[in-house]
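Asks: Residue 199 in UniProt numbering is what sits at position 199 of the sequence shown, and the numbering runs on without skipping anything.
What the hints contain is simulated information worked out from the structure, not anything from laboratory work.
Do not take every clue at face value.
List time: in silico DSS-like cross-link candidates among lysine-lysine, alpha-carbon distance up to 30 Å [said to hold, decoys possible]:
1. 23 - 36
2. 61 - 87
3. 87 - 23
4. 61 - 36
5. 36 - 87
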Amino acid sequence: MKALFLNDNRFIQDFTELYTYYKNTQLLQLVERDGKLLASFQIGDRITDVRVFRWSISSDKQRIEYIDNRGERDIALPPAYDFDWIKTQREDTVNGRFPHINILDTVFVETTGGDLTVKCENNTEDGLGIYREAVLDKNQSLDDAQIEYAQTGSLILLKVLPYREENWRYLVYNTLTQSVQRIDAIGQACVQLPEDHGIIFSRRLLSTKWRLQNL
């Protein structure tokens, strides 16, 4: 098939507008499906930020005609996660001077005292931890925050929404090194690599070497 179909004036106009308004556009996929040629472009940070150009293909595959740039429904997006987030429950609370949420008897999280704190010891008499960052509402109680988690091999992913905040925070706890990294890109998409080789989040790779040595 010749590439003359790219000379269609409507396609040229739509394609030019795409790169005019979305400077960082990248081609994701070029696929033939159900009698159509589909070209999928990433136009934003979210996995759903795509624009799909469509062409019809004749039954003898000798003629290709441009349809439009609204083919998002023709391409099924992969799921954002290959695991389930688990919401923490009231029974996960460990009371004490510095109460926290017990996650898998491995990592402990709280958002009281003005900080989001992650501990690797079930010690409610000590408010210090291996990781901490400020929260907006310094007077919130432990029950005010929303906390979810998922275990992917030797990593425990944490999803935290402190009280009166709009944006979730995403943390990765490495059980091998007992260290924490904040990676908000996990909120867009995250899948596991086989054999505990790490995770892929958004469009970046967390490899085994990086995970073991630098996290």
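Asks: Evaluate each hint against the coordinates.
Replies: To see whether the hints hold, each was checked on the structure:
1. Restraint check: the Cα-Cα separation between residue 23 and residue 36 comes to about 26 Å, which is no more than 30 Å; the hinted pair holds.
2. Using a Cα cut-off of 30 Å, the hinted pair residue 61 and residue 87 is violated, with the two alpha carbons roughly 51 Å apart.
3. Taking the CA atoms of residue 87 and residue 23, the gap is near 38 Å; set against the 30 Å cutoff, the hint is violated.
4. Distance check on the hinted pair: residue 61 and residue 36 sit about 10 Å apart at the alpha-carbon level, within 30 Å; holds.
5. Among the hinted pairs, residue 36 with residue 87 is inconsistent with the structure: their alpha-carbon atoms are about 42 Å apart, more than 30 Å.
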